[in-house]
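K.L.:
For reference, the chains in residue letters:
2 protein chains.
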Amino acid sequence: MTTDNITTTEHEAITDLREHLRKIALIQHASTILSWDQETHMPSSGGAVRAEALGELAGISHKRAQDPALGESIERAEEAAHASGDEVLQAMVREVRHDYENTLKIPVEHATETAEVNSKSIQAWQQAREQDDFSAYAPMLTKQVELQKAEAGYLRDQEDCDYDVLMNKYERGMTSASFAAICRQVVPGLKEIIERVVARSLPEPEFFRGPWDKNRQLEFSKDVAKELGYDFSRGGLDLTSHPFCTSPVAPFDVRITTRVYEDNFTSNLYGVIHEAGHAMYEQGFDEKWIHTPLCDAISLGIHESQSRFWENDIGRTEAFWVHFLPQMKQYFPRILEDVSANDMAIAVNPVKPSLIRVDADEVTYGLHIALRFEVEQALFSGDLEVKDLPGAWNEKMQEYLGLTPPNFKDGVLQDIHWSFGAFGYFPTYLLGSLYSAQFHEAISQEIDIDQEVAAGRFSGIFDWLRERIHRQGRQFMPLDLLERAVGKGLDPAIFIDHLDRKVQSIHGV
Amino acid sequence: MTTDNITTTEHEAITDLREHLRKIALIQHASTILSWDQETHMPSSGGAVRAEALGELAGISHKRAQDPALGESIERAEEAAHASGDEVLQAMVREVRHDYENTLKIPVEHATETAEVNSKSIQAWQQAREQDDFSAYAPMLTKQVELQKAEAGYLRDQEDCDYDVLMNKYERGMTSASFAAICRQVVPGLKEIIERVVARSLPEPEFFRGPWDKNRQLEFSKDVAKELGYDFSRGGLDLTSHPFCTSPVAPFDVRITTRVYEDNFTSNLYGVIHEAGHAMYEQGFDEKWIHTPLCDAISLGIHESQSRFWENDIGRTEAFWVHFLPQMKQYFPRILEDVSANDMAIAVNPVKPSLIRVDADEVTYGLHIALRFEVEQALFSGDLEVKDLPGAWNEKMQEYLGLTPPNFKDGVLQDIHWSFGAFGYFPTYLLGSLYSAQFHEAISQEIDIDQEVAAGRFSGIFDWLRERIHRQGRQFMPLDLLERAVGKGLDPAIFIDHLDRKVQSIHGV
Chain C
1 MTTDNITTTE HEAITDLREH LRKIALIQHA STILSWDQET HMPSSGGAVR
51 AEALGELAGI SHKRAQDPAL GESIERAEEA AHASGDEVLQ AMVREVRHDY
101 ENTLKIPVEH ATETAEVNSK SIQAWQQARE QDDFSAYAPM LTKQVELQKA
151 EAGYLRDQED CDYDVLMNKY ERGMTSASFA AICRQVVPGL KEIIERVVAR
201 SLPEPEFFRG PWDKNRQLEF SKDVAKELGY DFSRGGLDLT SHPFCTSPVA
251 PFDVRITTRV YEDNFTSNLY GVIHEAGHAM YEQGFDEKWI HTPLCDAISL
301 GIHESQSRFW ENDIGRTEAF WVHFLPQMKQ YFPRILEDVS ANDMAIAVNP
351 VKPSLIRVDA DEVTYGLHIA LRFEVEQALF SGDLEVKDLP GAWNEKMQEY
401 LGLTPPNFKD GVLQDIHWSF GAFGYFPTYL LGSLYSAQFH EAISQEIDID
451 QEVAAGRFSG IFDWLRERIH RQGRQFMPLD LLERAVGKGL DPAIFIDHLD
501 RKVQSIHGV
Chain S
1 MTTDNITTTE HEAITDLREH LRKIALIQHA STILSWDQET HMPSSGGAVR
51 AEALGELAGI SHKRAQDPAL GESIERAEEA AHASGDEVLQ AMVREVRHDY
101 ENTLKIPVEH ATETAEVNSK SIQAWQQARE QDDFSAYAPM LTKQVELQKA
151 EAGYLRDQED CDYDVLMNKY ERGMTSASFA AICRQVVPGL KEIIERVVAR
201 SLPEPEFFRG PWDKNRQLEF SKDVAKELGY DFSRGGLDLT SHPFCTSPVA
251 PFDVRITTRV YEDNFTSNLY GVIHEAGHAM YEQGFDEKWI HTPLCDAISL
301 GIHESQSRFW ENDIGRTEAF WVHFLPQMKQ YFPRILEDVS ANDMAIAVNP
351 VKPSLIRVDA DEVTYGLHIA LRFEVEQALF SGDLEVKDLP GAWNEKMQEY
401 LGLTPPNFKD GVLQDIHWSF GAFGYFPTYL LGSLYSAQFH EAISQEIDID
451 QEVAAGRFSG IFDWLRERIH RQGRQFMPLD LLERAVGKGL DPAIFIDHLD
501 RKVQSIHGV
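Going line by line, the protein sequences match chains C and S.
1 is the number of the first residue of the first sequence in this note's numbering; add one for each residue after it.
1 is the number of the first residue of the second sequence in this note's numbering; add one for each residue after it.
No wet-lab data here; the hints were simulated from the structure.
Hints may contain errors.
[Claimed, not checked] Some but not every residue of chain S turned toward chain C, in silico, with C-beta under 8 Å:
hint	residue
1	33
2	37
3	41
4	42
5	43
6	45
7	46
8	52
9	53
10	56
11	60
12	233
13	235
14	248
15	249
[Stated by the list, open to error] Using C-beta positions, here's what the derived DEER-type ranges look like:
hint	chain 1	residue 1	chain 2	residue 2	range
16	C	130	S	403	54 to 60 Å
17	S	326	C	216	28 to 34 Å
18	C	227	S	239	20 to 26 Å
19	C	219	S	456	32 to 38 Å
20	C	219	S	146	44 to 50 Å
Idealized CB from N, CA, C, for every residue including glycine.
Turn these sequences into a full structure, and let the hints steer you where they fit.
P.N.:
The following block contains the structure:
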């Protein structure tokens, strides 16, 4: 058990609750492995049965998650947690209640259908993207929007609109009004930096084109992830087309995936650091709370703050290259012969409007999110129909980034998220950057980050995050967690200032 | 549906039965992926939860498999199949009945516990083997023997002894008396060949030691598997420590695994051909019967006949090297510069007693099986206790192969099978060789095998097997299938003659 000052009856109540949670988690464990396999190893001919199996497992775990016996167990656990006075235990039970209430609102048929449609839809999106055919994917996307509208309808409580309900699945407490306010502050700040830098920015250096041997890239990226703190003995790295991090069992089995190109090492290296950042979060949960909400991420914004922190605030600094360039030169001695840490820092921090979100630089990235946020809002408010999506997309692309996609796959079909029914998810990427900048500011008050990184010492930074963020699981709401960690609330100005300083130090403007 | 001359009611009965089977198959699909992942990608820290998840899934599928509603559905389907006069349909329903009756005999608790113990036991065996510590594994092995004795007790019907019940799980209709008779005929035949060849056998040629680049080995092995007929678009190849073939969904997703060493290319190449042979069997099931016993192997002996046929009767011939050596030379031009197809044929067909079954040559292999058969019989008759296993093993090793293992991992701990509770399984390996020799003889009457193989034409041979073996699924019992395919019953003399001729043609003695 997890706490000392409780009675045997209370102990039994918690043990009973945890047994319910374990039974649900084991089925979700199977689903997670099946989904991971679908994206990494499954031959496409296995797709139809895979979709059915995922639907079946979702049905089973959903039934277990809304079992009245679980409801009774929660009640007894609530009493026990209250009597114990243990705040961690209380938070755990509070979160179980939160999940239970939400699950109760969703019919098993809806959960099963959603899981099945998601699995099929990912496969349909992949095909449509390969064939650059939006109309082939539109019916599936329409189905996804309908399913998510239905889900918002089931879940809706005090939220203003369906889209707010969906946002809350990913970022507890966030609303479209708050996020719109954040965008109103962030977008002009980003645009100002972009204008300033783009005018002076250098072309991509010649050495960048490689060719970079794929196996060596993977070896180097692994070395980096390991040194930063990703524990390979509790995870693994596999190839996929759309990189992700997944947790079959947090904190014991947290895997990352990546892709690798010969003409561009940054996709692999920064992709691996990014996913390793996510994975270090989930590897950092307290294992004694396995299968409970305390071994789960509080929000995707906090999750994303961990990936962005390591990718951008550590990985894309000159200090990082002071430490890692000599190692990378061992893998690529010829290409990197005359390259310095400063060359690298400049090269990996371009500021240039581009079409693809996942390839966007740190500054223009936020504009990709503002675009998606507005498009999604419109889809769910009824102001926009799926068939008109490409037009709306291209219009906003022009407005925010001054570009027009030449095709669907570099435009509206580029992201995987909608294909698995994730709407309201994109805002968490920008929130992640905001949180990350605030963590960076707070850590800087205790640690000379550049000095530590340049010396290859990551443990001080790692431990700060592990203690204040990772170990907390879902104990505190995102904004509480932030305030406890850094001593202040969310402030987009810190993010903009942080970017501004970084751009000045690297590009001199 | 699958047949034309049946009524709507009959059609509905079959459809209902297939829906039951589908619901069971989806859970088994998840289990298969979880087991595959456990052997290929799972970090060891994920092992404890994995074992629990596999136990949980086994419980669910076992419950579904003994659902009384399934029993009623089978009854209606039996009537429908009888009325239809369709023999294939009748065979399908007969096999569903067979599985249902067996499942009914096994309590859910036993199925769940067995799945959990298997998952843990595989992990324990791996550790014990690494540490060469039999006593660390002995308690788990004792548990496995107990569980399998209990299972035999549940299943036992008209069989003479528990061990016969277990043998029947893998080879329908086989008894220890019949297998002992086969051994009495095969063992002296093998010993005679061994004595004759060993006296004259050549040392391993120098080029054999490589070093063979691992990636190139994998590429070449893939080329070979593809050319022989393994369909990678319905499967995949992954690395593991103990190679196997697994079917998440036959015939749509049938995967193989392999290992690769720098100082020995045969382990990878012949391992891949072997597993591809297994996989081609399952890829050959008739997809319209998905999730039914007609998309399942009739026995492991027949399964093994397919792997051994391609590995030994095709892969280890001079004709094979006439065709494939030029391709292999492209991967390893330096090492193979002066090597001829005949050199290869001699080199890949050593005859030499050795300690490790999976590395044993085609002739000595049968002796490893005879040893295991006798040891297992003694374990289940009560003549041998687990603690005395290493002694019994070493004694028989001396008797059959004239060798004494220097440690446990090259002796009694070498095989994975007992760790997943498979006793009575080893005999199917020898049966596979017997069947394979008879298939070879029958095909030779229609096709000049050497001529086709040397020309790189595999489709005639492949189609013969696909039509007469693969497509049949579980329609016929193993010995019926054999007789239908080759026109005669099981005859160990054909295997011995076949080996004898091969050894003479290659080694000249």
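K.L.:
Please write out, lowest number first, the hints stated earlier that are contradicted by the structure.
P.N.:
Failing hints: none at all.
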